[in-house]
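Protein chains in written order, with the numbering used here: chain A, 149 to 407; chain B, 361 to 703.
To be clear, the hints were calculated from the coordinates, so they are not data collected in a lab.
Since this is a predicted model, take the numbers as computed values, not measurements.
Every residue gets a Cβ at the ideal spot worked out from N, C-alpha and C, and that includes glycine.
Be careful, since some hints might not be right.
The calculated SDA-like cross-link candidates involving lysine to any residue, where the alpha carbons are at most 25 Å apart (straight line), are [as the list claims (entries may be wrong)]:
{"no.": "1", "chain 1": "B", "residue 1": "Lys598", "chain 2": "A", "residue 2": "Ile260"}
{"no.": "2", "chain 1": "B", "residue 1": "Lys598", "chain 2": "A", "residue 2": "Gln184"}
{"no.": "3", "chain 1": "A", "residue 1": "Lys274", "chain 2": "B", "residue 2": "Ala561"}
{"no.": "4", "chain 1": "B", "residue 1": "Lys499", "chain 2": "A", "residue 2": "Met390"}
{"no.": "5", "chain 1": "B", "residue 1": "Lys501", "chain 2": "A", "residue 2": "Lys274"}
Computed footprint of chain B on chain A; a stretch qualifies when at least three of its residues, placed anywhere within it, have a C-beta under 8 Å from a C-beta of chain B [said to hold, decoys possible]:
{"no.": "6", "region": "228-240"}
{"no.": "7", "region": "243-257"}
{"no.": "8", "region": "264-273"}
From the structure, some residues in chain B lie toward chain A, with a derived Cβ separation under 7 Å [as the list claims (entries may be wrong)]:
{"no.": "9", "residue": "Ser541"}
{"no.": "10", "residue": "Gly542"}
{"no.": "11", "residue": "Arg543"}
{"no.": "12", "residue": "Thr569"}
{"no.": "13", "residue": "Phe571"}
{"no.": "14", "residue": "Asn581"}
{"no.": "15", "residue": "Gly584"}
{"no.": "16", "residue": "Ala588"}
{"no.": "17", "residue": "Val590"}
{"no.": "18", "residue": "Arg594"}
{"no.": "19", "residue": "Gly647"}
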Amino acid sequence: MVSEPTGAPLLEARGIVKSFGKVRALRGADFEVRPQEVVALVGDNGAGKSTLVKTLAGVHPTDGGEILFEGSPVTIRSPLDARALGIETVYQDLALAAELDPASNLFLGREIMRSGPLGRLGFLDKRAMRRQSDEAFERLSVAIQDVDLPVATMSGGQRQGIAVSRAVMWASKVVFMDEPTAALGVVQTRNVLDLIARVKDHGLSVVLISHNMPEVLEVADRIEVLRLGERVAQFRRGDVTMEDIVGAMTGALQQGGGA
Amino acid sequence: MTTQTPPPEALEPEPAAGRAPGWQRFVTGSSAPIGLILVGLILVFSLLEYENFVSVSNGRNITTDAAVLLVLAVGSTFVIVTAGIDLSVGSVLVFSGVVAAKAMEAVGGESVGTLLVGFAAALASGLAWGTLNGFLIAKAKIPALIVTLGTLGMALGAALLITGGVDQRDVPFKLVETVGSGRLFGELPYLVLIAFAVALAGGVVLAATRFGRYTYAIGSNEEGARRAGVAVDRHLIKVYALAGTLAGLAGFLSLARFATTTLGGHSTDNLQAIAAIVIGGTSLFGGIGTMLGTVFGVFIPAVLQNGFVIVGLQPFWQQVAVGAVLIVAVYLDQLRRRSSYQR
């Protein structure tokens, strides 16, 4: 049942500590992703999944511990640091600007400027951004009927698709997805799971936070279980049952190896 | 000049989709309905009092009256699109006018240099108050309503301290004669030209530049913008600094027009600007708004005021009408918010 890592991790977190006031959200959590791998990060509510992802995405700087990227220690203190490493995140709330159109959201913070003096004056090249975002949606088969409308007018599935497209467009190594299917219906969930597979096919690693065990068992190559701010188990797909995962999440099952 | 110059294309942020159903575009942020209301008002007054209302001189009256408010409203549009508010603009206007008057008095004379010193002093005063607002809002995280309510009192109090509470009427005649009441080709008041140039520039910046894009993004989802790597705090400081600087410019224009510091004349400018912006379709909740809408929103009260006087109604009706239009505009804004978030 215990799976020893094979191949060098792309991103590795060791002994991450993070507190919010008196709440110790992470108490020495370990975590790793290998290249072109889908890892599911599971755990009960309050286990620290979202916090761990946010520390690795640079939203919450860590209080302690070590992050290794491609084998060398790195510091990730802001979203820009994570971005520079090729790490992008799809947040649970999606972090989209609802009043802006999809292309503006895809390029938010990374706008394409007009060439020449107009660009230096701060003028946007809307046409180029529009074209590239159309291509990004095309690549991931995200269906947007009217790309000129604000994101606020779109369905939950479309918004999820936009947020995922944004992350994939900019990520060169890892995409974190925090409960990407939590708010979606059956068909839309199917689309997001297919999307995850396509992202992997594009050569990226995906870290998926999810509460949905069948979903996890379907798409994840590996499963890491967090409990009370620590990693308590690692499983490989194929040699794990839903009972094993739930047992590790609740503490009923102890796993010796892994970390 | 007519009452309303044809709006340049660049003022409209995104070209209308063309695919969205008409009713949806009507409710989602286009400034067309407000423009129609303005045209309707102009038509009604034209039918009622053609000879007095439709004339070059009356058009000049309306636009000149609205010019200073338009400059204030351009800056406040940026602020409100970020979901902020700036109550201090009227006081900053007065303060900047006072500083400019004092500076020009100190330099003395009627030369262009003297006027430029006053101009620079007004802009610098506005910039200073605006930067203070922005810093307290973005860095100290004090709500914009409170910060600008505070600086409203501080700026006006400081202006009264400097002048001893007495309007300074010693303004270079050259300024009044040129910027204040001069006309290009004898027809177009410089005041109006300046105001429209500011609105045009503001509209282009809001619609076509990264500065404008960040302004919308922050108003739409501040945390999302931050996570996307936008330097939100720095941008907010810039936006309030811009609003302050334009209030400084408005102070200089007001000084030129009235040849006095008008200490007591701007206590409701902030609310007039906010009302105009909201009537123009900009959402107080941020993320939505156009400069063209603001231009319409400034001229609706101005046309009403002028029209009521010409038609012979008591001008006080204007306040009643503008209040009603304001409430309807906010109601429409809430409707469109509700309809877009229902899914």
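Against the structure, the hints come out as follows:
Between Lys598(B) and Ile260(A), the direct Cα distance comes to roughly 21 Å. Compliance with the 25 Å bound is thereby established for this hinted pair. With a C-alpha separation of about 42 Å, the suggested pairing of Lys598(B) with Gln184(A) is violated against the 25 Å cut-off. For the suggested pair Lys274(A) and Ala561(B), the alpha carbons sit about 19 Å apart, so the restraint of at most 25 Å is met. Proposed proximity of Lys499(B) and Met390(A) is contradicted: the alpha carbons are some 48 Å apart, above 25 Å.
The straight-line distance between the Cα atoms of Lys501(B) and Lys274(A) is roughly 33 Å, outside the 25 Å bound, and the hint therefore fails. Counting residues of the region 228-240 of chain A whose beta-carbon sits less than 8 Å from any beta-carbon of chain B gives 4, enough to reach three: the coverage restraint holds. Closer than 8 Å: that is the beta-carbon criterion, and the region 243-257 of chain A has 10 residues meeting it against chain B, so the requirement of 3 holds. Figure legend: the region 264-273 of chain A, annotated as covered by chain B; annotation consistent (4 residues with Cβ-Cβ distances under 8 Å, at least 3 required).
Evaluation of the Ser541(B) hint against chain A yields a violated restraint, the C-beta minimum of about 33 Å exceeding 7 Å. The beta carbon of Gly542(B) comes no nearer than 30 Å to any beta carbon in chain A, farther than 7 Å, and the hint placing it at the interface is violated. Using the Cβ-Cβ criterion of 7 Å, the hint placing Arg543(B) at the interface with chain A is not satisfied: the shortest such distance is roughly 31 Å. For Thr569(B), the shortest C-beta to C-beta distance to chain A is roughly 4 Å, which falls under 7 Å, so the interface hint holds.
Restraint check, Phe571(B) versus chain A: the minimum CB separation of about 6 Å is within 7 Å; hint holds. About 5 Å separates the beta-carbon of Asn581(B) from the nearest beta-carbon of chain A, less than 7 Å, and the hint is met. Taken as an interface hint, Gly584(B) checks out: its beta carbon lies about 4 Å from the nearest beta carbon of chain A, inside 7 Å. A distance limit of 7 Å between C-beta atoms decides the matter here; for Ala588(B) the minimum to chain A is near 4 Å, and the interface restraint holds.
Contact between Val590(B) and chain A, as hinted, is supported at the beta carbon level, the nearest pair being about 5 Å apart and thus within 7 Å. Residue-level restraint check for Arg594(B) is violated (minimum Cβ-Cβ distance to chain A is 13 Å; threshold 7 Å). Restraint check, Gly647(B) versus chain A: the minimum CB separation of about 3 Å is within 7 Å; hint holds.
Hints 2, 4, 5, 9, 10, 11 and 18 from the list above are not met by this structure, while the remaining hints are.
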